[in-house]
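Asker: First to last, the sequence lines map onto chains A and B.
Quick note: the first sequence uses the numbering used here, first residue 1, plus one each step.
Quick note: the second sequence uses the numbering used here, first residue 1, plus one each step.
If you are wondering where the hints come from, they were derived from the structure by calculation, not from laboratory data.
Being a predicted model, the structure only gives us computed values, none of them experimental.
No residue lacks a Cβ here, since even glycine has one placed at the ideal position from N, Cα and C.
Just so you know, not all the hints are guaranteed correct.
[Stated by the list, open to error] Derived DSS-like pairs (lysine-lysine); straight-line CA-CA distance at most 30 Å:
{"hint": "1", "chain 1": "A", "residue 1": "LYS160", "chain 2": "B", "residue 2": "LYS664"}
{"hint": "2", "chain 1": "A", "residue 1": "LYS343", "chain 2": "B", "residue 2": "LYS716"}
{"hint": "3", "chain 1": "B", "residue 1": "LYS713", "chain 2": "A", "residue 2": "LYS160"}
{"hint": "4", "chain 1": "B", "residue 1": "LYS716", "chain 2": "A", "residue 2": "LYS159"}
{"hint": "5", "chain 1": "A", "residue 1": "LYS343", "chain 2": "B", "residue 2": "LYS59"}
{"hint": "6", "chain 1": "B", "residue 1": "LYS694", "chain 2": "A", "residue 2": "LYS160"}
{"hint": "7", "chain 1": "B", "residue 1": "LYS188", "chain 2": "A", "residue 2": "LYS567"}
{"hint": "8", "chain 1": "A", "residue 1": "LYS160", "chain 2": "B", "residue 2": "LYS716"}
{"hint": "9", "chain 1": "A", "residue 1": "LYS504", "chain 2": "B", "residue 2": "LYS188"}
{"hint": "10", "chain 1": "A", "residue 1": "LYS160", "chain 2": "B", "residue 2": "LYS692"}
{"hint": "11", "chain 1": "B", "residue 1": "LYS664", "chain 2": "B", "residue 2": "LYS694"}
{"hint": "12", "chain 1": "A", "residue 1": "LYS160", "chain 2": "B", "residue 2": "LYS715"}
{"hint": "13", "chain 1": "A", "residue 1": "LYS159", "chain 2": "B", "residue 2": "LYS694"}
{"hint": "14", "chain 1": "B", "residue 1": "LYS188", "chain 2": "A", "residue 2": "LYS552"}
{"hint": "15", "chain 1": "B", "residue 1": "LYS59", "chain 2": "A", "residue 2": "LYS244"}
{"hint": "16", "chain 1": "A", "residue 1": "LYS511", "chain 2": "B", "residue 2": "LYS424"}
{"hint": "17", "chain 1": "A", "residue 1": "LYS504", "chain 2": "A", "residue 2": "LYS582"}
{"hint": "18", "chain 1": "A", "residue 1": "LYS95", "chain 2": "A", "residue 2": "LYS438"}
{"hint": "19", "chain 1": "B", "residue 1": "LYS713", "chain 2": "A", "residue 2": "LYS343"}
{"hint": "20", "chain 1": "A", "residue 1": "LYS552", "chain 2": "A", "residue 2": "LYS567"}
{"hint": "21", "chain 1": "A", "residue 1": "LYS159", "chain 2": "B", "residue 2": "LYS713"}
{"hint": "22", "chain 1": "A", "residue 1": "LYS369", "chain 2": "A", "residue 2": "LYS110"}
{"hint": "23", "chain 1": "A", "residue 1": "LYS246", "chain 2": "B", "residue 2": "LYS59"}
{"hint": "24", "chain 1": "B", "residue 1": "LYS424", "chain 2": "A", "residue 2": "LYS504"}
{"hint": "25", "chain 1": "A", "residue 1": "LYS343", "chain 2": "B", "residue 2": "LYS715"}
{"hint": "26", "chain 1": "B", "residue 1": "LYS715", "chain 2": "A", "residue 2": "LYS159"}
[Unchecked claim] Computed far set for chain B versus chain A, every beta-carbon distance over 10 Å:
{"hint": "27", "residue": "SER196"}
{"hint": "28", "residue": "LEU305"}
{"hint": "29", "residue": "ASN639"}
Okay, here's what each chain looks like letter by letter:
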Amino acid sequence: MATMRRFRLPHILLICIAAFFYAAALFGNAASKPADRKSSFMVPSTFTNTKVERILDISHPAIARETVTLDVENTGKSATGEYFVAVDVDLECRKLAWLEAYEGKGASRKDWIVEKGALDASNSVQLYKVTFPKPLSPFSHQSFTLYFVWVGLVSNLPKKVAQGEQGSGVYQGALHWVSPYPTTEEKLGVRPSSSEIHSRTPSGSLTSTGLSYGPFRDVAPFSRETLRVHAKLSHVPLRGSILKRKITISHWTGIANVLESWELWHDGAELVQPFSRTDLLIQGRYATPPTMIQHLRFDLPAGAFNGEYRDFDGNVSTSHFSSGRSGATLELRPRYPMFGGWKYQFWFAYDVPLSKSVGIGKDGRYVWKGPVMRGLQNVPVDRLEVEVVLPEGSNSAQIKLPFSADEKTSGREYSYFDTIGRETVGFVKTRVVDEMWKDFEVSYNFPSTAYFRKPFVAIVAVLAAFLGSMAVLRLEFSIGKDSKGEAAEMVRTVGMRVHDIHGKLESLLAKLNVAFEDFKHSHHDVARFEAARADLTAQIQSTLVDLSSVTKSVSGLSGDDSARLEKSAAQLANLWIERLSKVRQAQDEVVALRKKVSASSVDDKTRRQVGERIKKLEVEEEVVAKKAETLVAGV
Amino acid sequence: MAGLRLLNLTRESQLSWLRVVILSGIGILAFLSRLFSVIRFESIIHEFDPWFNYRATQKLTESGFYDFWNWFDSSSWYPLGRVVGGTVYPGIMVTAGIIHRILNALHFPVHIREVCVFLAPAFSALTAVAAYLLAGEMKDSSAGLLAAAFIGIAPGYISRSVAGSYDNEAIAIFLLVFVFYLWIRALKLGSAFWGSLCGLFYFYMVSAWGGYAFITNLIPLHVLALMAMGRFSSRCYVAYSSWYALGTLASMQIPFVGFQPVRTSEHMAALGIFGLCQIMAFTQFLRSLLPARTFQVLLQAAALLAFGGGLAALILLTTSGFIAPWTGRFYSLWDTGYAKKYIPIIASVSEHQPTAWPSFMFDLGFLIPIFPAGIFMCFQELRDEHVFVILYAVTASYFAGVMVRLMLTLTPIVCVASALAVSKLLDVYLKDSNANEAEGDPSSTNGDNAATQPAEDDPVGLISKMLGIPRHYVRSVVNTRWLVVGSIAWIMVMFAWHCTWVTSNAYSSPSVVLASRGPDGSQHLIDDFREAYYWLWQNTPEDAKVMSWWDYGYQIAGMANRTTLVDNNTWNNTHIATVGKAMSSPEDKSYDIMVKHDVDYVLIIFGGLIGYSGDDINKFLWMIRIAEGIWPNEVIERNFFTERGEYRVDDEATPTMKNSLMYKMSYYRFQDLYGGQQAIDRVRGTPIQSSKVKLTVVEEAFTSENFIVRIYKVKKPDELGRSLESAQTFDEGKRRRKTAQNKSGKRSRKSRAGSKKQSE
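One chain only, chain A, in its complex shape (with noise of 0.2 Å):
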């Protein structure tokens, strides 16, 4: 009980606080999610527009550009500052890509807060709200500008052309701004994407930029006109359905590796007939056909190098790529000329230098900045992703964007050298246009022990790999210490070198035969000659001694082999020894001999015994040398 008793305090404590947590999870998630619980909001009718001027930029086919300027009056009762801005579902959710608001021009501009609000079910509209920078009382005026950008507004008509033909584009949507609030004055400009315009509904009036509509007096909220205008395109249109960054930074290269691939399409009308190289080779003699890309034109940031072309077969090696000061270019011809509804995949890499984009922040962590993304002027990209690899040994990455992303990633990557990996962080953002090409920054931490890392590994890597080697090397992996086949190999290079022995002997034998030949017949210098001999005699011994030091090496070996090699070297060595006793008794008595006759007459009788004593000796040197003769033929 005691114990009980004891616990009860800091038990109510913790409920408490779960409690408190709980209360508030609960509460944060409300608030963080208005669209989902209010479905049908409704916008209270607190604004009246009193002049909207519209301009609709359809002149690039894939992308299309409103700016609305605005005049709004504050007709409630009470000063507010949220003003809602309309955009049919449909569109917003597959077609719109930016949405700004903002007030004044040029260097006096100054950007307002749009957020994502509610939708509006029964008008079937998502609203944002545009909050201005101080609430606007009743009866008093605000401008401002809204900027809108669309992606894939204008569709081909017709859909099929031939090779040589330009399409043409059609844009259907609201003649009206669409707006929660009525509207006394509009007015409403388009910009086509040519001069030839086709049709037009309603009619409007023609001028030297394009067509204007209105003014129009009393328009209610969410009506809705159709507007259409069917006119030739003056350029192509194209989109990348994917596109992939991936920026590799590079600390001890001192390089961030920039790798874009890139799923692009050819969105202009079709081939009537298919595609015909001959009549494109006809034609190109005087005009290259109007809807045919050939040459796509990057713009790399300055100081750019390396820089690399590839797809799915390998290299494309029809591309440029061209470095200056202000920036790079590359310059790429993809493998095949794209025609209306043509399909290429494709990846490019270049490195920039750490230098021009990575600097250290104000707490000391490193910055790496640099564009979202960097592509060609007027092609949208469907999906953008980005993923920022970090040196290795980095930690605590945080993102910062200019918009707010579809998705966050992060993640973890290993390279060359490679032990604890690399974190990544990256994002992913749907509908990306020109308007969004802005700089983002990565800050991250990166000790400065991490840049010993990588030598670190390496040095231990060889070095493990020599220890181990080493290792290795040492150790006796066999199954009993002398396999036969080690032992046979011993015993037929030992031979061998029985057998060279044998021969070198026989040439010291031979170089004293010649000796003694010398002192017999042409110097009798007895003194000379026992040089000679003592020195070859000792040459001579010391061959035997390497003969049994040679077969030493055998001795340890278990099997016939080794023993009967031993056996025969040490015969060997006795008959030798034998036999140059023989020799050197025949010489003695030579030298014998012609020492008598140096000093006294020696009779005939004498000579003959010597002879006869020379003779025999010589004919048991014979048979010795025969026995040493088969004995190491047999080794």
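Take the given structure of chain A and dock chain B to it, following the hints.
Answerer: Just chain B now, with coordinates in the frame of chain A:
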């Protein structure tokens, strides 16, 4: 050497250190000399077969070993498909896969393509080591180093092992040489360990290349020769039995080989010698126990009887069909005309043609004249291993003469034998000169003694007399030894020069990319193949079926990722003949075939515009021949030749030729390029037919920049059930009328618009 002395090494370690350094130098050189194509072009897989190997390796690395083993590739041989796991030698893919996996496990994220591209050069460095070991067994390590140097740069081997040549031979030649080294080693030592090692590497070889049959027959031949020479011993018995038993069992684990080692005639020699070994060993064993003479005679008779019985059983089993008789490929080795008559598919491959004489010199340089000297030296010494060299040299020389491709198996032995000869030569002239110098020193100190006996017949003496210079000066300058050694060195330098030249000029083209030189010497790349293949990949439906001649099957699968009807595997002659028939028949007939096979696109190669001679019109005769083999009544080769027996494509061409789908697709709209002038085919060097080519069942879908690859789309059957030809003529008539209408319609609309404006 001073450095070595500083290291305090003994003479032995100095030598082994030198050997290691030289050998690794040779290995590195062998690797580097194969990189021309990577430097000149890029790191890319070459030619045709390597593309399949690469694709299979990708499959292996992506989906693992078991999926690869059980891979049924439905995108080739449509609609039959191909059981890849069971019809492939997986050695090279598994090797590359393992290397890739190891590198990735060590955090070296190398792309599998790089592993594949550089596999062959890396293995040729290993081949140099294996050749060193083999030649070392024959003579000594100096011969070994020479052999390693020779095989490192011999063009005969480089031709199949440049970077990017990711084919079975890339690792198989290393295995071939290494298995032979292990066999010699096992035989010398009579060791079961080395014999088993030999068996294991034999298994690796079987898994890598169909050429393993060469080993399977050469080793038994060696043993048989040893038996005939009376050299059969227990060493031989142990080595052969351990190799055969282990190697055969292991090799049967490869699905593609399966039970072949006991069921086909190619493998029967090895089995027979295995039996003979047992009989011989048994006889020897009994002889040692039973000295009685009569019994011995009886025993010998029994052994002979057993051998004869075995042979009879073999023949009986073969005729009754239990053992498959020799295959056609084997027959074509003995009768060079056989393939042309009975298996045109084999004959149609250029590397299966008999070798021309100059190519021996081209591929082996000065090794060819020196190599018989090495063989002669083997005869002089004639140890067991020398018998092997002689047998290998004789058989491989024959095969290399029969088929260009088999030059590859000859190269290692030529290198080894020439290394024996050259090293012997150097032994004689380098070693003796050392000895002489040692003797020369004292003679020069008491030069008077030497001068007292001048020899007039000595060239040195003569020169010294003529010029009045002391003898030893002359000797130091004019020395026969240095003359010989110098000329050998010069020849070797020239050989290295030749090898580099051949490698760079003849064997380093990927053949996927073509290079041409502009008038100013600049290189211009012709990348038509990849252009068209990549277009197919990117812009046709994923399940599209592409019909092409079988040469391009693997490339289409690898570079266009599309289903093909036939490919370089050529396992089904009838299917290939079907494609040949479709190509050589008139349009309506071909259309039936194409519709039956769900063909969506037809791909052909046409070189007529820029003069690329390896195009389909030049291969057309083989298509006709192969089709004729199956349908002798429908496709007749004679009809493609003019009455005078010429193969022509111009106006004189036969109607059969002009109406064939291949001809039409090749020359479709070709005249238009010449703007009304006579169109000239630059490969055949003749003008083409002057009337326009009309296509009705296919329409042009894509043609590459230089017209090398032309892709046609097969039209859908007419909705009204008309023949496509009549539908087209009808449409053309209608269109003519329609365009006329259109023009008038446009005019009227314009006028209407004008009136509207006016009204505004």
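Asker: Which of the numbered hints are not met once you compare them with the structure shown?
Answerer: Structure breaks no hint.
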